[in-house]
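Asks: Listed in order, the protein sequences are those of chains A and B. Residues in the first sequence are numbered from 0 upward in steps of one, following numbering that gives the first Met the number 0. Residues in the second sequence are numbered from 0 upward in steps of one, following numbering that gives the first Met the number 0.
Think of the hints as simulated: they come from the structure by calculation, not from any bench. Do not rely on the hints blindly, as some may be mistaken.
No distinction is drawn between identical chains; accordingly, a pair holds when it is met within one copy or between any pair of copies.
Below, computed lysine-lysine pairings styled on BS3-like, alpha-carbon distance capped at 25 Å [said to hold, decoys possible]: (1) LYS277 with LYS363; (2) LYS316 with LYS266; (3) LYS48 with LYS363; (4) LYS331 with LYS230; (5) LYS227 with LYS109; (6) LYS263 with LYS230; (7) LYS382 with LYS159; (8) LYS382 with LYS311; (9) LYS48 with LYS208; (10) LYS159 with LYS363; (11) LYS263 with LYS316; (12) LYS263 with LYS5; (13) LYS6 with LYS382; (14) LYS5 with LYS266.
2 protein chains.
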Amino acid sequence: MDFLNKKYLFTPGPVPVSPRVLLTQAQPMTHHRLPEFSEVLREIREDLKYLFQTQREVYFFASSGTGAMEAAIVNLFSPGDKVIVVEAGKFGERWRELAETYGLNPVVLKIEWGQAIKPEQVEKALKEHPDAKAVLMQACETSTGVKHPVKEISELTRSKETLLVIDAITALGVYPLPMDEWGLDVVITGSQKALSLPPGLSFIAFSDKALSLAESSKLPKYYFNLAKERKAYTKDTTAFTPAISLLLGLKEMLKRVRSLGLEKIFKHCSALSLACRKGVSALGLEIFPEVPSESLTVVKSPQGLNTGEFLKFLRDKWGILFAGGQDKLKGKIFRITHMGDQSPFDLMVALSALEMGLNLFGIKIPLGASLVSAEEILMEYLKNEGV
Amino acid sequence: MDFLNKKYLFTPGPVPVSPRVLLTQAQPMTHHRLPEFSEVLREIREDLKYLFQTQREVYFFASSGTGAMEAAIVNLFSPGDKVIVVEAGKFGERWRELAETYGLNPVVLKIEWGQAIKPEQVEKALKEHPDAKAVLMQACETSTGVKHPVKEISELTRSKETLLVIDAITALGVYPLPMDEWGLDVVITGSQKALSLPPGLSFIAFSDKALSLAESSKLPKYYFNLAKERKAYTKDTTAFTPAISLLLGLKEMLKRVRSLGLEKIFKHCSALSLACRKGVSALGLEIFPEVPSESLTVVKSPQGLNTGEFLKFLRDKWGILFAGGQDKLKGKIFRITHMGDQSPFDLMVALSALEMGLNLFGIKIPLGASLVSAEEILMEYLKNEGV
């Protein structure tokens, strides 16, 4: 009977968090300098390596994902350093803004929102700017739903001195990004995405090449300080007070990731995103990004739909939360995530709300079409994997 | 990423409980003899009257619903008393068993499982047994999904000395059963049904006619003792230790019932059950009960389906919990409830799991058909009520 209060979260962060994690976080508060908490940290560090597919250490901060992006900038570079920035949306902009804020010299590769960068564009920039210290880019550009060709670009940078710095906030744990195998130099993520945790933790890992550049970094840093965290790690602790309850949830979640295995998780996100794209297309709607990421489905708003009103209606009346477009995409797209504690059945919730909502808003769609298309994909997945 | 652990509860008790209620119950334990707990009890008693649509007191026990059925028997009757029992399923049987256990003289009206009692059958029994102290029946027979004609039967009993005792465990709060208006003498319910609470509380209200018969009751009773509870109520307490955390959840839930209003809640259950029936029928499946209750949809298992295996598969592999048939209906039906903290979107989960599951089990159904049929009903409901 509490039905009018139910919330169904399909935003690309925060995402649904499982009751098991929420209960883990509701444990009585403990102290981060106790020996048993050092044991928690040791386990987390080991399991993060599995998630990042790396032998390097993974560092974390009590911050949003942007904190780890800032940590990359301030720990790697020095004033005036040239960096190549892939700017294909809101989060590409963020790399540029961070570079500008800290007095770097960004070479911006501006890509139309909705398009993916082409490896040739990076290749050309690297040739023109052999002194660039790094390429800063997203794996998935959350604002447009685009998946950038990280692997292909890593093949361009790994033999050079130029670092490849990947904001994988909505990508790591969604689809393969093996850090060591591909030679990624910096990989960043956040807790409120594929890790299905509440917001509040950011993560960053550095290759040896990145660590060696960091040695000479001259930018000011205090909280986001890699050297301090490295030193604290030798004592199985953190430089500053960690987000204790979030870390307890993280420990639980990382165990789950290990027990399921990354491959199974990638297949899950892949099935949900494919089913969603097929479903949305069956309604006659268009997918916005040129190369869609498995993290979220970004849909072009159909002609005649007041997208703002539509999303507000779904949110306030039905408790269904999709994300709208940001900045220049406001009113032109909406976004449905596949990250978080979501099952194939939750996608049916999203699609049925989409169908019924569009219908009520006077958009002509074939009722049920997205559901059937999604079922066809999900049945295959459930038969082969879920079973 | 915890997706393989998600549970979707569609059983006719227990039902999904809202996070708000769960959090209310997670408050630090308090003591039931404190003045502030008396205030809780006073509020609950007032709000229960609204739910039961009565001016009488509603009593409650820390017990399952069966406890309140036993309370009705032991507080109303004396050894050898004749009672007319409507036995149209598992819960009708329970009335008979209780009557037999306490040495009453039950006149059993046996109805084929799946059929509803006809008022004429009760009329005839009342004529043949004018000395019957009561008619004992269900409002909804949960084992078959049948809705019995309580109103019509109340018109037969209200002018007579014979009491009408209604097990409304899966009916009260689902569809109208106004106790005072219809002259129902005893109404019983439980917490884990329409009230959307965990199991553990039962409720019972008595008309003046019932209270006066209770005065002369000679059956032994200690825990389920109306006189003790009535006395305790005068002191704003309970005779025995109450289920404190459940009562805190109940208080929260009853406030919600009052703020939504019974009419809105009845419309909600009615829309969900209609959508489910239409959906199931669109798959070519048959509804089992002659007169279906809005509390749950009971479906005849299609030819060739191993129902036990099917339900086990849905439960163990997909986390979808439907209920099977009991006793003679085992393997022949399955049951999907509309009680509890469920939205129209949750019904889409149930139906898509049903469709995909049947398909995987080799039952030929038109994929998507139940979803479209349900959407048509739910859209109307959401347009008029949910908005």
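Asks: Are the hints correct? Go through all of them and say.
Replies: Quick rundown of the hints versus the structure:
{"no.": "1", "hint": "LYS277 with LYS363", "result": "both (18 Å within a copy, 23 Å between copies)"}
{"no.": "2", "hint": "LYS316 with LYS266", "result": "between (33 Å within a copy, 16 Å between copies)"}
{"no.": "3", "hint": "LYS48 with LYS363", "result": "neither (48 Å within a copy, 47 Å between copies)"}
{"no.": "4", "hint": "LYS331 with LYS230", "result": "neither (48 Å within a copy, 66 Å between copies)"}
{"no.": "5", "hint": "LYS227 with LYS109", "result": "neither (35 Å within a copy, 79 Å between copies)"}
{"no.": "6", "hint": "LYS263 with LYS230", "result": "neither (35 Å within a copy, 61 Å between copies)"}
{"no.": "7", "hint": "LYS382 with LYS159", "result": "neither (45 Å within a copy, 60 Å between copies)"}
{"no.": "8", "hint": "LYS382 with LYS311", "result": "between (36 Å within a copy, 15 Å between copies)"}
{"no.": "9", "hint": "LYS48 with LYS208", "result": "within (17 Å within a copy, 73 Å between copies)"}
{"no.": "10", "hint": "LYS159 with LYS363", "result": "neither (53 Å within a copy, 59 Å between copies)"}
{"no.": "11", "hint": "LYS263 with LYS316", "result": "between (35 Å within a copy, 15 Å between copies)"}
{"no.": "12", "hint": "LYS263 with LYS5", "result": "between (29 Å within a copy, 16 Å between copies)"}
{"no.": "13", "hint": "LYS6 with LYS382", "result": "between (29 Å within a copy, 18 Å between copies)"}
{"no.": "14", "hint": "LYS5 with LYS266", "result": "between (28 Å within a copy, 17 Å between copies)"}
In summary, the numbered hints that this structure violates are 3, 4, 5, 6, 7 and 10.
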